[in-house]
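With chain E held as given, fit chains R and D onto it using these hints.
Here is how the chains run, residue by residue.
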Amino acid sequence: MGMSTFTNCFLSAFDYKTAKYVVAENKKVGVLFRVVQLSIIGYLIGWVFITKKGYQATEESIQSSVITKVKGVVLTNSSDTGLSLWGPEDYVIPPHGEASLFITTNFIETPNQTLGICAESFKVPDGRCQNNTHCLHGEAVTAGHGIKTGRCLKDGNETNGTCEIHGWCPVERSQKPHVPLLGKAENFTIYIKNFIKFPKFSFSKSNVRETNADTYLQKCIYDEAAHPYCPIFRVGGIINKTGHRFQDMAQTGGAIGILIDWNCDLDKGSSHCHPRYSFTRLDKTSVSSAGYNFRYARYYKNAAGQTYRTLYKVYGIRFDIMVHGKAGKFNIIPTIINIGSGLALMGAGTVLCDMVLLYMMKQRTLYRQKKFESAKSGPSDSDGTSTQAGTPEGRGPDSDENRKMLRHKEDVPMTQTSN
Amino acid sequence: MGMSTFTNCFLSAFDYKTAKYVVAENKKVGVLFRVVQLSIIGYLIGWVFITKKGYQATEESIQSSVITKVKGVVLTNSSDTGLSLWGPEDYVIPPHGEASLFITTNFIETPNQTLGICAESFKVPDGRCQNNTHCLHGEAVTAGHGIKTGRCLKDGNETNGTCEIHGWCPVERSQKPHVPLLGKAENFTIYIKNFIKFPKFSFSKSNVRETNADTYLQKCIYDEAAHPYCPIFRVGGIINKTGHRFQDMAQTGGAIGILIDWNCDLDKGSSHCHPRYSFTRLDKTSVSSAGYNFRYARYYKNAAGQTYRTLYKVYGIRFDIMVHGKAGKFNIIPTIINIGSGLALMGAGTVLCDMVLLYMMKQRTLYRQKKFESAKSGPSDSDGTSTQAGTPEGRGPDSDENRKMLRHKEDVPMTQTSN
Amino acid sequence: MGMSTFTNCFLSAFDYKTAKYVVAENKKVGVLFRVVQLSIIGYLIGWVFITKKGYQATEESIQSSVITKVKGVVLTNSSDTGLSLWGPEDYVIPPHGEASLFITTNFIETPNQTLGICAESFKVPDGRCQNNTHCLHGEAVTAGHGIKTGRCLKDGNETNGTCEIHGWCPVERSQKPHVPLLGKAENFTIYIKNFIKFPKFSFSKSNVRETNADTYLQKCIYDEAAHPYCPIFRVGGIINKTGHRFQDMAQTGGAIGILIDWNCDLDKGSSHCHPRYSFTRLDKTSVSSAGYNFRYARYYKNAAGQTYRTLYKVYGIRFDIMVHGKAGKFNIIPTIINIGSGLALMGAGTVLCDMVLLYMMKQRTLYRQKKFESAKSGPSDSDGTSTQAGTPEGRGPDSDENRKMLRHKEDVPMTQTSN
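These protein sequence lines map, in sequence, to chains E, R and D.
Residue numbering for the first sequence follows full-length UniProt numbering, beginning at 1 and increasing consecutively.
Residue numbering for the second sequence follows full-length UniProt numbering, beginning at 1 and increasing consecutively.
Residue numbering for the third sequence follows full-length UniProt numbering, beginning at 1 and increasing consecutively.
A couple of the hints might just be wrong.
Since the list gives no way to pick one copy over another, a pair counts as held whenever it fits inside one copy or between any two copies.
Claimed, not checked - Okay, derived cross-link-like pairs now, BS3-like style, lysine-lysine, Cα gap no bigger than 25 angstroms in a straight line:
id, residue 1, residue 2
1, K313, K301
2, K184, K123
3, K313, K71
4, K123, K71
5, K53, K326
Derived from the structure by calculation, the hints contain no laboratory data.
Remember, it's a predicted structure, so these values are computed and weren't measured experimentally.
Looking at chain E on its own, in the form it has when it is part of the complex (with noise of 0.2 angstroms):
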């Protein structure tokens, strides 16, 4: 021992403290440990990185654009304003191919409407009277068409009329076409051009066959087999595919969910990264709170100067198309870490079996005191530490203590073990 005592620190920083451990014969546990110890190593394995790919930086931010277009022309017959003619720039609200479109399906058109004085709509409750004080001059009617003018209107002998009102008239009837005057708009098809981008990895793709892409999308329509890269749906077959039928939304409108989502997977290459579609009906929770309809107007001036407008009402579905992403790439640091937290786990399952080992068995007492090993020091040890300090650590001091703590006891096994 003629090391001085920094040597000595310094190196002894460089040997290896291993924990030491008792073995107990314990098959039990021993099995216990064992199974705990599988079965984390098969989540760390089967779920971490087979199925959740814990050996891949993921990168969730998605750039995504999408731009629609909608083909298909119908030709509608309405009783107040004879032929018309609706193509894309018609029934499509708005008519810019953005991620969410709205497709007209049915409308009530209310033509040639002026600013002038007549009686409110008998649907809206505020509208309603039985004489004059109730039409408050000058009074907006709540959720109606116009400024009460203080006056009751009743046909004959009525009891119940509805307020003049200053506004747009003739006010809109009330009931709708019972059939969806572009019922056509089922054969009509959605053209859903999708671009995106992951900036971590600097790879983008498109929804569409990169080849010959114009004269291929002239005729294809989607099939999740046949023309994956085929992004052109029949309005009909969407709607299908929600689990409803066109002609029944066509009629009150509707809101459909179109989600493109992108899974990629970067190890495999660009080849493995498709979109999957999926499409879901988002306005359906009860019967009565579905329905899609909003109104719109087209202004017109006669040769007067003066202005008319026709109103409409249009009932229609809207596609709100939305886009998922993940992309995955094998990396170094979450593979590391995934490892070392599942072994970190392994900690849970030792001390479970510590506490079956130490409280549930049989011989727990003896296994207790093997584990727990005393460091109390007798009076006399004080100062043999002292004259220690600075010995490499852990030497004859340690047995040195065994003695003392078993002097006691010495003979009585001695003398049993030795005969």
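Only chains R and D this time, still in chain E's reference frame:
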């Protein structure tokens, strides 16, 4: 010891090996360790499980569909064009009920503009001039209304004038009405229909009361306590909730965020999954940069087929409806992981306490000696081990080692202790 | 040892139990272990804390509001309709300043269309015919402009003609202008006002310079270095930043993504929270599928009340403004968790080194013997333990065990020590 090495090895694989501990009867560190343990357990139970619901698998990607409908009419009386009645089809832009809607509260109308020659507005800096050289022919006025013709127009003997432009004339006048022309918009109501879906749990819900919705919705107004499922809001009410006054915003416009937050604990069932509304003003970080306005035009043709238009500069409030959601349901995997990593955390506590014990306690040397047991092998031992290779692990040789190591010091302590 | 079992048990709960280690004076493994330790600490400090700011609670859900405004006018001269002046109210679609805006750069105008009978455009495949049988009466032309009347129109003695249709006549001519009619759009400016909020930290900021914004904004142009808080961009400049040329895009249109990234370290204060702009072309994965266009119509009525319209097919550039954000602020919980799990990771390192030590080192047998201590109990011991149940842990019996195990060598040391 007649067992063959192999069987022995195999069996010993099912011996449970538990770490051997040294009991340092040091209450200070003991208490410290218990405190650490308790705080970790507290964190695990209190934070991870109760607060963060760590026992649930959660779904963040909510599918949401928002349909809005504004009701209310107002009669405006602008000096330029006299009376005019504004309905939702006019003041809601775009008219189709989207998640983002704009409600006009004030406007400047410039009727009967025709393509022609007139003076640029003085408020455009680039439009001002002292002489023709400042009005380069054919050059567009930066942020202006037309193309310079090359002439500088001044009335009388003023030094400053504005360039003559080729554009829609007359140009829009600069100052906006002092009182918002659609001030009554305060009483308009916005009906927000929101459908959500958590595909992972195939759970869907709406923010509208299901039972006889139609009649109920005709009169109710949202009230957190009384009518949580009546999603009809007064415009004025929304603005007030953000801490601003409607009439102030109406003048120059602004942007309001309406957040709908679904935080659903599906273990408690659908009835515990409620929408929570919150309102915030989005465009207000300094007075200077507040406000929201844009322009649009309505085009007409006169009998001669010449185009003229009415230009509207509209000020108003944009409502952005954002839906966030989170659903959780019990799942065994996250539960185990959280418990496991919680227990693993204790390792950290142990490290800390060991530091204290081994470097800060009075008896540190003793503890260090007890904790660290040497595995030095004397010369005699090398063969000793070789002969014992394959004997059941950690038997006699273990203590055999001890003996060898403590021999050289044996006597000193022994004599000390034996008298 | 007069203490009652209970007190003893209770007190012993506050004995600190520290794992007993075997010091394997094996520099190889020792160094290996230190290396592992260092790399874990390095990872913890370098990656988790410095790079990933693991000591912060982060907020990803940013509340953002984007308001855009385009400025600039251009005089177009189309062969069909002569001069016309385009202002933002015309070429920005939709006109209200949304986060997604479209700027018209090229168009085909088809004025004065009326409902009537004319020949389908030859460019529509389904519109071509050899004879009337190819033009089924009442059938809509797929991707065409009207409803077939049943006649096949050919000029002269050609074999191929097009079906006669009932639709808006004349139909749109097919070829688009060779030079973009709004090529000057390159000099238009887009003003992007972006307000963000991190509700969790109740922090909000804007990308516009606060101090006397109005005057400043009238002339500044965004420049990362000089004017980071002037969010006014030249359209041409944006396109160049994406690595494309404006004039190429203007011809057929395209889609550009403008990303605003807020990465805020709120520990450093608001002044360290800056917007970062980046520009990328979204619709370009192959030449064939690039481009962006749509149609809209303006409706007029003549004195006789008959409807006619002007159809516009517009090509242009769509700008999608996406706002991402992340804010972090110091928080004790993630800090502790990260440190804890970092330390827990060391468990993994230990496992590795133990493997090396116990299976790859020359003296592995010795190490194994030292590391693993048996807890076998002889027949005499079973009652021994039962009698000792409740004695302070790990006292005599512990060494009692030792004795039994080292019996075969006992005498040698004993005699030594007893004299």
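Each hint, compared with the structure:
no.	hint	verdict
1	K313 <-> K301	both (21 angstroms within a copy, 20 angstroms between copies)
2	K184 <-> K123	between (30 angstroms within a copy, 23 angstroms between copies)
3	K313 <-> K71	both (22 angstroms within a copy, 14 angstroms between copies)
4	K123 <-> K71	between (36 angstroms within a copy, 15 angstroms between copies)
5	K53 <-> K326	both (12 angstroms within a copy, 24 angstroms between copies)
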